Each structure stands twice: as C-alpha cells, then as structure tokens.
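Take the given structure of chain A and dock chain B to it, following the hints.
Heads up: the sequence lines are chains A and B, in that order.
For what it's worth, my numbering labels the leading residue of the first sequence as 1, then goes sequentially.
For what it's worth, my numbering labels the leading residue of the second sequence as 1, then goes sequentially.
Check the hints yourself; a few may be wrong.
[What the hints assert, rightly or not] Here are the simulated DSS-like cross-link-like pairs (lysine-lysine), alpha carbons at most 30 angstroms apart as the crow flies: (1) Lys-594(B) with Lys-135(B); (2) Lys-184(B) with Lys-153(B); (3) Lys-228(A) with Lys-2(A); (4) Lys-114(B) with Lys-135(B); (5) Lys-277(B) with Lys-419(B); (6) Lys-223(B) with Lys-99(B); (7) Lys-603(B) with Lys-99(B); (8) Lys-483(B) with Lys-555(B); (9) Lys-3(B) with Lys-277(B); (10) Lys-184(B) with Lys-277(B); (11) Lys-277(B) with Lys-203(A); (12) Lys-153(B) with Lys-204(B); (13) Lys-184(B) with Lys-327(A); (14) Lys-2(A) with Lys-491(B); (15) Lys-228(A) with Lys-197(A); (16) Lys-327(A) with Lys-491(B); (17) Lys-204(B) with Lys-189(B); (18) Lys-189(B) with Lys-327(A); (19) Lys-3(B) with Lys-99(B); (20) Lys-572(B) with Lys-558(B); (21) Lys-2(A) with Lys-277(B); (22) Lys-2(A) with Lys-419(B); (23) Lys-135(B) with Lys-189(B); (24) Lys-277(B) with Lys-327(A).
Derived from the structure by calculation, the hints contain no laboratory data.
Remember, predicted model here, so these are calculated numbers, not experimental data.
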Amino acid sequence: MKLNVYPQFEHTDPSTQQRKDFVTDQDVRWCPGCGDYSVLAQVQRVMPSLGIPREKYVFVSGIGCSSRFPYYMETYGVHSIHGRAPAVATGIKATRPDLQVWVITGDGDALSIGGNHFIHVLRRNVDLKLLLFNNQIYGLTKGQYSPTSPVGKKAKSTPLGSIDYPLDPVSVALGANATFVARSLDVAANHLQGVLKRAAEHKGTAFVEIYQNCNIFNDGAFDLLTDKETKSTHVLELQHGKPMRFGKDLERGIALGPGMRPRVVECATVTEDELLVHDETSEVCALLLSRLQAPEFPTPIGVFRAVTRPSYDTLMEEQLEQARSFKTQSVQQLLDEGQWTVG
Amino acid sequence: MQKAVETVQTVAIRFAGDSGDGMQVTGTQFSDTTALAGNDLATFPDFPAEIRAPAGSLAGVSGFQIKFSSEEVFTPGDAPDVLVAMNPAALLANLHDLKAGGMLILNSEAFNAKNIERAGYATSPLADGSLSGFKVYSADITGMTLRAVEELKLNQRFAVRCKNFFALGMVYWLYNRDTAHTVKWIEEKFRDPQLREANLRALKAGYAFGETTELFDHSYEIKQAKIKPGRYRNISGNEAISLGFLAASELSGLNLFLGSYPITPASDILHNLARYKHLGVRTFQAEDEIAAICSAIGAAYAGSLALTTTSGPGLALKSEGMGLALMLELPLVIVDVQRAGPSTGMPTKTEQSDLLQVMYGRNGEAPIPVIAASTPGDCFYAAIEACRVAVMHMTPVVLLSNGYIANGAEPWPIPDMSKLPRIPVSFRTEREGYQPYSRDERLARPWALPGTPGLEHRIGGIEKQHLTGNISYDPANHEFMSKLRHERVQKIADELPPLEVHGDPSGELLVLGWGDTFGAIRAGVETARQQGHSVGHLHLRWLNPFPNDLGDILKRYKRVLVPELNLGQLVKMIRARYLVDARSFPKIQGQPFKESEIVLAIKQQLEAN
Numbered sequence: 001m002k003l004n005v006y007p008q009f010e011h012t013d014p015s016t017q018q019r020k021d022f023v024t025d026q027d028v029r030w031c032p033g034c035g036d037y038s039v040l041a042q043v044q045r046v047m048p049s050l051g052i053p054r055e056k057y058v059f060v061s062g063i064g065c066s067s068r069f070p071y072y073m074e075t076y077g078v079h080s081i082h083g084r085a086p087a088v089a090t091g092i093k094a095t096r097p098d099l100q101v102w103v104i105t106g107d108g109d110a111l112s113i114g115g116n117h118f119i120h121v122l123r124r125n126v127d128l129k130l131l132l133f134n135n136q137i138y139g140l141t142k143g144q145y146s147p148t149s150p151v152g153k154k155a156k157s158t159p160l161g162s163i164d165y166p167l168d169p170v171s172v173a174l175g176a177n178a179t180f181v182a183r184s185l186d187v188a189a190n191h192l193q194g195v196l197k198r199a200a201e202h203k204g205t206a207f208v209e210i211y212q213n214c215n216i217f218n219d220g221a222f223d224l225l226t227d228k229e230t231k232s233t234h235v236l237e238l239q240h241g242k243p244m245r246f247g248k249d250l251e252r253g254i255a256l257g258p259g260m261r262p263r264v265v266e267c268a269t270v271t272e273d274e275l276l277v278h279d280e281t282s283e284v285c286a287l288l289l290s291r292l293q294a295p296e297f298p299t300p301i302g303v304f305r306a307v308t309r310p311s312y313d314t315l316m317e318e319q320l321e322q323a324r325s326f327k328t329q330s331v332q333q334l335l336d337e338g339q340w341t342v343g
Numbered sequence: 001m002q003k004a005v006e007t008v009q010t011v012a013i014r015f016a017g018d019s020g021d022g023m024q025v026t027g028t029q030f031s032d033t034t035a036l037a038g039n040d041l042a043t044f045p046d047f048p049a050e051i052r053a054p055a056g057s058l059a060g061v062s063g064f065q066i067k068f069s070s071e072e073v074f075t076p077g078d079a080p081d082v083l084v085a086m087n088p089a090a091l092l093a094n095l096h097d098l099k100a101g102g103m104l105i106l107n108s109e110a111f112n113a114k115n116i117e118r119a120g121y122a123t124s125p126l127a128d129g130s131l132s133g134f135k136v137y138s139a140d141i142t143g144m145t146l147r148a149v150e151e152l153k154l155n156q157r158f159a160v161r162c163k164n165f166f167a168l169g170m171v172y173w174l175y176n177r178d179t180a181h182t183v184k185w186i187e188e189k190f191r192d193p194q195l196r197e198a199n200l201r202a203l204k205a206g207y208a209f210g211e212t213t214e215l216f217d218h219s220y221e222i223k224q225a226k227i228k229p230g231r232y233r234n235i236s237g238n239e240a241i242s243l244g245f246l247a248a249s250e251l252s253g254l255n256l257f258l259g260s261y262p263i264t265p266a267s268d269i270l271h272n273l274a275r276y277k278h279l280g281v282r283t284f285q286a287e288d289e290i291a292a293i294c295s296a297i298g299a300a301y302a303g304s305l306a307l308t309t310t311s312g313p314g315l316a317l318k319s320e321g322m323g324l325a326l327m328l329e330l331p332l333v334i335v336d337v338q339r340a341g342p343s344t345g346m347p348t349k350t351e352q353s354d355l356l357q358v359m360y361g362r363n364g365e366a367p368i369p370v371i372a373a374s375t376p377g378d379c380f381y382a383a384i385e386a387c388r389v390a391v392m393h394m395t396p397v398v399l400l401s402n403g404y405i406a407n408g409a410e411p412w413p414i415p416d417m418s419k420l421p422r423i424p425v426s427f428r429t430e431r432e433g434y435q436p437y438s439r440d441e442r443l444a445r446p447w448a449l450p451g452t453p454g455l456e457h458r459i460g461g462i463e464k465q466h467l468t469g470n471i472s473y474d475p476a477n478h479e480f481m482s483k484l485r486h487e488r489v490q491k492i493a494d495e496l497p498p499l500e501v502h503g504d505p506s507g508e509l510l511v512l513g514w515g516d517t518f519g520a521i522r523a524g525v526e527t528a529r530q531q532g533h534s535v536g537h538l539h540l541r542w543l544n545p546f547p548n549d550l551g552d553i554l555k556r557y558k559r560v561l562v563p564e565l566n567l568g569q570l571v572k573m574i575r576a577r578y579l580v581d582a583r584s585f586p587k588i589q590g591q592p593f594k595e596s597e598i599v600l601a602i603k604q605q606l607e608a609n
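In isolation and in its complexed conformation, chain B is listed as follows:
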C-alpha cells in the first residue's frame, strides 16, 4: 500500500556519527540531491579536528546540518527537525539542539552497553524514557547493512562502513528524494567494484527499508523553491574562492601563483588550485607560512597574480611578509580563512576574530585593504574583487573568509565568464622617465618586471624616497610616505559602489554585519520586520577602507547593533571612526549565529531605554 505524503515547507536535518562514519559524505550527498530537486538550502558541516578520535567517543562526533525549503534559505537552521544519530555519543552531543517533538533516527545496533558507557550515559537512552519528548525511529542500521551486502563476502570492517549509505537511503525515502545523483557518485567514486556494489546495495536497501518498514507511516515532500531561472550548482566557500582566483587569472591575463602552507580550514584552496595545472596554475607548498607569503611576493614581483592562503595562526606568522608586500607595493592577495583562536584555538570551528589582526597586526603604520566574503558563493566574487584591487592599486589585499562559509555550501547561480569585467593590467616598459615609485591617479606605482631592458631597479623593505624609491631616512619623507600609504588605501573607497541597506532605510535600528554572519542577520532582520519592527540590515564587504557613504547611513538610525563572532572588533572600528554609539552583540562559541539569537538581540536593543 502506498504510504501518505505530507507536504512541508522547510526542514532541517542533522546527520551525526563518528568522524570515521562518513557523515560529511552523507550530508554532502543529501545536499547535492536536494539542490537538484529544486529546494533552496544551506549547510553547516561541523567536525572535530581529530581525524579518527576513538570510536564511539564524544570527541569524535562529526555532524552535518542542512536546511532545505520551498522558500528562500539564509541559514542551515537553528534547531534541527530531524537528528540522525549513528551512535550514543552522536545522540548525546546533538540531542540538546533537536526541536521538541523532533524526529530521531537511531542506529539501534550501536546502542550496546560498551558504546552507551563510552558516551557517558548511565543508562540506555533507548530504554530509560529520556527520549520520550521525541519521535524515535530506532532501526538496526548496521545489521541491515551487513545483510544487504552479505553476498559480496566483504571483510566485516568494510561492510560496516557502508552503513552511512543505508541511513542516507532511508532519509532519501523519507523526503522523497531521487537516489540517482548518489548512485552516479558512488559509481564514479569507488574504483573497487566490490566496494562500489556494496555501497550501492546499502543505499538501495536503506531506501527500500523506508518504503516497507512499519516504522514510518508516511513520507514528506518539500516543493521546489521559487528560484530565479538559470543554471545552478552547489558550491562551498573554499571551492568558490579557488574558482574566483582562476577567473581573476583569466580576466587579467596574469599567471596564477599560490604559495601556501597547509592549515585548517584553508588547505582545500591549496588542494583545489593544485588540480588546475592544466590552466597554468603554479602552486607551491612552502616549508612554512613565512616562506609561503615570501614566495608569493617573489612571484608578484616577477609578474604573477600571486596569492597566499592561511588561517589565523598562519596569518600571524605572515605579518612581516605582509609589511614587506606593502612597502614593495606589489599586488598580492592574502586569504585568511578564520577559525576560532587564539593560538591553536579550535581549528575546525568558525570565528570572525582576526579582523583586528589583519587591520593592525603589523609593525609600523601598515595599512592594508581588507575585504570579507559573506556567503559561500560570494567567495567567488570577493576573490575576483580582491585581485582587481590588488592589481589596479598595486597593493596587498586581505580577503577574509571563515570556517563556516569555507566548508558550508549553497546552490549558486553559475556566472558567465564572458560577462565579468576584465581586470586591466599594464606593465611598465617605457624607459624614458621611469621611476620605481612614481604614481598614477590611483597612487599606484608602475609594475616593471625583471627582464625588462633598461628598467633595472632595486626595491626593498627600507623606507624609500618618494618617486625614486631610493633608500631614504629623511624625516619629512617618511611622514609623507606614511601618509601616502594610508591615502593609497583610502583611494579604493572612491571606486566602490553605493552601499545598499536591506529593510528600513532609516529608523530605529541598523544591524551592521560583515562576513559570514550575513545569512543569520538577514534572516533575523526579516523576522523582526515581519513582527513589525523598524530595522535595516547593512552588510560590509570592504572593512578597509570603509565605504565613503557608511558614515551617513549610520547616522540615519537611532541605534546601531553589530553582531560579530568575536568579542566586538568591527564595533570598535566603527565607534572610533564615526563616533556613533554602536552596540556589540558578540558570540564566541566556535559556532555561527542562530537566526533566533539575532532576533532576540534586535528586540533587546529596541526595548532598551
């Protein structure tokens, strides 16, 4: 008998298991399939730094949350509606987030005495009534997976590993998803025919189980979202940033060079770009963070579009190199995929706490432009813009991303390369009147490549004389050059488009954000406005320089609230620069903002006084 289908608007699911259980693969597959089904979505992979923590332990729990909807989606969801927990530790680590009355899908086989104790439960949560507030669907996922692949006579260890696809199959049935995309993925991914067949069987068995079991009396359907017609793909921030640099290379005609040292969560950019050698991309895995930036400086000097990618601790090591790039006035993009700090901090957890480091963390007066990407897809455009400014203004530029958007993914309208504006590049070749530190209208110096006859010159980190670039210790010249370097950054603001405020253009409260908090703030502001509050949302892309119209916009509101995943960094810069009483809304838990937290903060601001 055909089971009933219930239509719902929005669902958030969290997959949780051991870090070796394949939860990231499961989540990614579900996301891709959901995107193909025409829903809008946002994802949040959340995993430990340990590659394989002891099986069944709390430290090893890896999670992947996805929210999908027939409406527009800004965040991966506050509290999941469904939790798939592959073992007791995964249940314990995630249950507190599950919505009251939410659906709980458990792998009963893993709830044995050993795992229950290892997770830290005194009694079995399946038996002690502690899950009574939820809809519990407990199934022997491991056992059924083993039976599904029995004929293949696989080694037990490999057979058990297929259980994530069984679970995925169940959830596919539950949400009326087509398994075709995942079938194709498994066929391409697994070279070993036995493993390929085993995973396919597990997936199909899971789907069939959903269909036939008495556990589920109906399935769910989420209608297609009203998405603008066009071509789409799923993209994570690290993928988008990598493709953005490739695009910038094509748009400028410059060869791409990346000097990098592996660091979480930035390494994927190095991995991605290393695969594009056929497009002329040179990647250099340096011996350390310092060599990474210094090699990029050398490449920029020699005429490449040069990049270095890192995260907070690596950025600290690059500080002196950034100062050198600034003094040499060479184009260089420094990507900081921020993570929770200080020191090693929490490498796989997100934060926005490097803003003041990139603004001020260098010796001397050392202004460097700073741009921040706001969503996974936006990383593509932010990367191109960082390159454009670096090349046109002959300056290092910091591009801020963070763990949340770097690893999170969203459906993304595919850009048409032929419609993106070119990045103009001109190398100095004319001998007559050449001076290494002469200036154009943007105050950029000429880019004269080694190998150019007649333009032999020397540059370095020592203060240089205006125009000639010769070493200079002249007091007045140093003050002049220091101010000029500051002015060079301010010049960038003259070419920025006007800021766009979402929601109320003036009134009670402006919520001012930057970077990855975009989704949560936009969703929170929308909710507050629907509840009748007068609120605007302004999201900054350039943090140095501030756009020229920012000051006027701030003054149009009675209050300014600045939510940040730090203890209040942008808010300091805003207060210092504009003398407005901007209030900080900090969160520093290694987790992104929830929409509900933003709504609450907005209400508290509006109720103050």
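In isolation and in its complexed conformation, chain A is listed as follows:
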C-alpha cells in the first residue's frame, strides 16, 4: 500500500486577501513607462476578487520581458525557459488540479520559439489562464522584429524592413480550437480587469492577448487604439448578444457583404438587423472577428469566444478514477505476472 506523504493544510481565507498580499518585495525591473506595469497592476487588483487562497496560485513564465512577471507576484512562481511555460504549466495542472495556474508569455515566447506548445495547450484545453503580452517586438534581446510585427518592420535585424507576414495570435488560438479567446489593452484598466476576471472563471485554457506598448523599441504601436481621440473609431468593443458597433457615437457597424465578406457600414444607412451581432459561442463569429484587420477595420477587443469543453486535467482525473474503479492491483501483483517457481 502506498504511503500518504502529501501534507494537508488549512488554507488562507480568500475573503481576507487584498491587492497588497499579491505584491512581492522584489524591485520591478521593467523599463519606466512599460505597458507591463499596468498589466501587473490589473492582475494584482483582480486576484483578491477570485475567491482563491493565495498559496494556490502558480504563475509560470518563459523568457522575455513579460516573463519576469512571476517574480513580482507574491504567489508560487516558476520562471522557466524560452517558450516552454505552457508545457511546464501543463505538468503542474495535470498533476495538481487543485492549483490555479497562470501562464505569462509574450509574442516571441508564445508564437516563435514556443509556437508548438502554444497550439497544443490550447487544443488540449488544459485549465490554465494564458496571458500573451503582445508588443510586436523583441524587447529583452533589444529590438528585433517579432512574429506579430507588421510586414516592413524596420528593426535591428531587418534594416530594410521585415519581409515575413505576421501571425495573428487570436486567429492562431481559434485555429487551435481554444475554448476561451479574448483581447485587451495594457492601459484599458477596467476593460482588462473585466477580461481577466472572465478568463479566471473559465474552466479550460483561457487565452488573453494583451496589446502592450514597448516604449523603448516599438513605442506607439497601439496608439490608435489607446489614444483618447482615435480609440473610439479604431476599437470595436465586443459584447455578447450586442450588435457590432463602434465610433464616437456608435455610428458605424459591421455587416456581411457578398461572399460573406465583412464590411464597415454607416448605421444610418442600414437596418438594425443587418448589423452582425456578437455571439461568444459561435466559432464562425469568432473566426470572422479575428480576421478584422486595421486599417480597413476597427480592432476588436473583448471576448471573442467562450465555450465549454472538458479540460485535459479533468479528463485525466476521470480516467484515473475510472481505471481505479475497474481494477485493483498491487505493484507486487504486477511483478508476479507470468511467474514460475524454481526448487
């Protein structure tokens, strides 16, 4: 019989937790003005509201600016190697479903070196929260273009401009059959908090792309989406069950044209039911939204897709339970299989 070596605990009462309980004593070492500060603040604000004891959180990261994140969270944390955080996190969650596991990654970490793990964690639907800080540049290696940089990006390794077409993280996630896919902006504090909360409550891999400004190597990449003057005409805020409208006075909308092509319309020129209505449970809707690219279209933010599918860790637990109920066998019995006796 196996010993029980695992300790049992009386857990912290989550209702007593405050933002400061999630702040470490380590100096934050991102560049002053980096968008990461805002994301860290929003995560720390959301944590106490989730009803989970602090000791049950594990933050796992890879390599890159954003991957320093776990050091600043007063929770359990693993700063792993480049691109591999989803794999490390899968090992944690698959063996310890009681833990709340968050993965912090960037555009290079998740989509270049870790592209394989990224798609596989999403298709498996491991119960993780996966935050991708997308600044469309390599920051920690000091300014090379990334797999999300636009074509023509002039950077240290592309003095004449990049010639490779970028990946759209939301499209990739939907292609991998992710069950929760959302996008937000580093400085949109309230919006980001709302998305993070939704992600935390999702059972399965919750993928959140966060547009994040790198003020050193790619400053202003998302200015149109964050600037007070321009954001309303460049951002399409998604709301489940609501028509897709944007603009200062929500005067514009998205409709479908011939060939199922989306088009921007003036709301005054169409009837209300010609506008597309956002449905988080519709795969086609999510895929279509993920292909709305600037400058022709506004950039959608919010929850693209939220559906339920059993998570990998749950299925694994169920298989173990089922196997146990079918068969009892000791290691000694296994060793004894096919035995014979001499003498």
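Same frame as chain A, but now just chain B:
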C-alpha cells in the same frame, strides 16, 4: 518408433524472417517456454526500423536470437547453433553468423525464383551446394501450414501468416519443449475464434511434423540450470524499468508522472506506464521532447515523482530542460534508452554513445548524476535507485539503458516489495525560517509544494543567490553556486556501497565496463580466467559521480581495458580523472559485444609489451 534424445548443455537459436513474419513473437514464445522449462537464457531481438519493408527483401529481415543452457548464461550467444530462415533474404542476412556445421531449418516454399532473386542470390542456395557446410533441414513450412488450417477456410493471407507457429512447433519438438505455454498464449491473444484455432493447429502440426518426419532423426534435451530456488519471471529491460518506477512510486508514496514523446527504443516505457492508470500513474504524451521534459519538471515542482523517457536524439532536444531542472533543483529522472547515432542513426540498433552527451551536453557548468543499468532485470533496480537519489538529493538524474537490454529479456528473480527499502520523502511545511535554497546535510534544498500556505516563492533558471534563491548576478555568488552544484553531485558518492570486482582483485588486467556490456564482459573475463589469465571485471553503475573507491581499484592492476559500444567515452573520463593509461576497446556496429571479441581483446592486452 520413439526417436533418440541427445542431451546438450547450451544452444543458441536464431529465428529470422520478414519483419511481418512474426519472428519476434516466435522468439519471445520460445524464450518464455524455455524459461519455464528451467533453463537459464538470454535473448537478442534484432529488427529493422521499417514496420513492413518489402516482403522478401534484405531490408525487411527481422531476427530473434536466444541462447539457453543448463549453465549460467550471460549473453545471447556469439554464433547461433541453429538458424531458422523463413525466406532467402533471412538466410542471406544471417548465414554468415551460423556456426560451421550448424543446423539450418528452411521454409522451402519461400525459396522460389522471385524471392531468390529479390534477396540477391544468383542461384538457389538450396540447389547450388553453397550450404554444404551445414546440416540443412528444408521443409515446406508454408504448404504444410496451409494444409493444417485448410478446413477453417481462412483467407489465404491469414492462413499463410500462421506459418511462424508451425516453425515454432517444429523447434519445440526438436528441443523437447512443452507447447502448453504457447497454447495458452494463443488462446488469450487471438480474440477471433478462427484465427485462434488456425494458429493452434499450425503449432500442433509443426510439432507433429517434427515427431514424424524423417528429416529429424533425433531431438535434443537441455537439462534444467542450477538456478537459485525462488520465484522467477521473464523480463525485458523496458518492462523492468517501467515496473521499477511503479515500485519507486510505492516506496516513496509519491504519485508517478511520465511526460514522454514516442521514440524508438524507449516508447515501450510510455506504453507500459500508460496501462497503470489504476495505480494512479499519470502519463502525458507531449507534443515534442521538450514539452515532455518540461511537463515533467512542472509535475516535479508540484510534488510528483516525475519522469521523462527518450533516446539519444530526444535527449539532445531535452538539454535545455535538463539544465532548468538542475537550476530548479527538482527531482526528475530522465531515461535515455540509447540507440545508434548520431542524428537519426540506426534507431533499432544498440549503442552506448550518449555517455558524453548526458555528462557534458548542456550549456554552462551543469553536472547531473548518471546511472546505467547493466542487464534487463537490473533496469528495475536502477530505476528505483535513480528515483531514490533524485528525491533524496533534489536533483535530476539520468538513467541510461540501451536498445539491447531494453528489448532483450532474461529470467529474473521476482523481488519482494516488502523487503525493498522505502524512499524517504519530506515536504517543507514550516514557515519559520523557510528559504527556498537552504541546504540539508546532502546539500539538498527543501521541497515546498505550491498550495502550502506561507511558503510562496519564485524559482527559475536565472542564477540565484545562495539560500534565498533570489535572482543574483553577483560574481562571487555565481562561482559559489557553480561549485556547490558540482559538490551536490559528488555527495551522492558518499552513500554508494563499495565496488565489487569479479575475478582477480588485483593483477595484470582490469576490464572496466558500464551498462549493457555486462554480460559479454563477464562471460569473456570468465573464459580468460579459465584459460589461466589474471583478469578482474569491474562494472560501473554510477558514472557521475564516480564511486569514491574507483581510483584505488584502478591502481591495483597493471592495465585497464575499457570495452564500450562507442569510440571510447568512459575511457576518456577515466583517463582524465585518474590519470591511468586505460585502453579503449571500441565497437560501433549497432550490435552488442560478442563474448569472443572480449576474450580476444583481453588476450591482446595481456600480450602487448
């Protein structure tokens, strides 16, 4: 009339046919039955990487050799006494190994013009006199099999496939083996009643043919070996390693997790452990080798007894993950079932050429303990020991096996779980004074599981400050930590039992080996000693750290010979560490050592000067 029975001491048989002919099944069945008959034995399955190479081609030849005896057996035998060849290609690929005057059992039906040409023969070897140096027994195995199953009206393709059991039946008669074990196996294995009946009929027909044919005028008997009383079973290295991990899980109380990506010849460990979900084993078939080790690191961090299994090319991909496990100081066992390299190399062929890779194949100063199993059955104990060291010293450990012992099988005394020592585990729960990188007497850091209130901490691959584990770029701290990580591995040697030399404890020559060469070296050293030479055999289990008494033992001999299935890897480490003039005896053909090769190398060493 009853045929005569001749008693012989030792026989080696090789079964050879197309990779779809069922030669591995035939060999395994013969091995199991032979073990039940009380002989000692060793086996060597040797098959191509192609699942179904074109029928009748040389590329598709699959073989299985078994040596069995009334005496102790260390190797599957150098040259077989008997070759069963199911077609011309199998004959051509294996005949050069058969002993002069050896017995050749051929399936005459397969020696048609097409197959003869496909194998590359200019003329039929059955007719051109090229087999005159052997005792040839040519029988229409296919035809007789078809007649035996005729009544069942099977599809021709399925009927022909039963011929391996006909051949097995013949050989069972020839060596006076009981068919009962194989009958039972067929009854359990084949769900389709027609196929079950067909294979049973083929087996019986083969046996009856042996009895009645004028081809064989007598049969052979091998008396039971003088085996220590006890309970035995047959075991292959991959089975033993899997069971060893299950045992380690029970002995430690830790949940077992395996993160793995399929690769020859290690995949069977994943297949085996995936069948033990009822014992709480979690297996994760990852998207690649890197995810496999990283998931295991995550599982170790979260409190499992974590494993990853692979072979050479996969190990190369895991290098960075191994470095991370070393920096995180988490228990993790990395199994490398070595195969012939480099690159893809020869996936189904054996080699010992990853030693330097596991020793030095990482960035930075990255010492990881390395243990090597020496026989199929030893894989069980090596797996437990790897887990014990990993957990007690909080370190990744590499466990080396290879294709030869992973797939080879031997009769094995079954261990009694209640007599194996427990693996002590303690998780840190005390908040007072907790520091993630504080040290115990083994220089191990505390294992503090996520979920433990008050012990929230961060770890990572960045260099860390002694004790606190905080990020540190301090030059003196880095040197201190680098030396400490080295010392942590050396500490393991303090708990190792004294080395045991077999044969002469000092004298002319020490043969120093590691891993799967154990059987060939032991047999070779025994033979040399019987011929009056002063030779000792020392077989290393731990390759990192080297045992503390190794240096003294090396100095007790005038010469040291290191046979390895590589171009001389351990010998480099020995020369560098102990400054002794150890000589390499390399072999790199994808095949294990033969006993005769070891004997010859010993004599050449002794005659040198």
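Q.
Could you work out which of the previously given hints the structure breaks and list their numbers from low to high?
A. 3, 9, 16, 23
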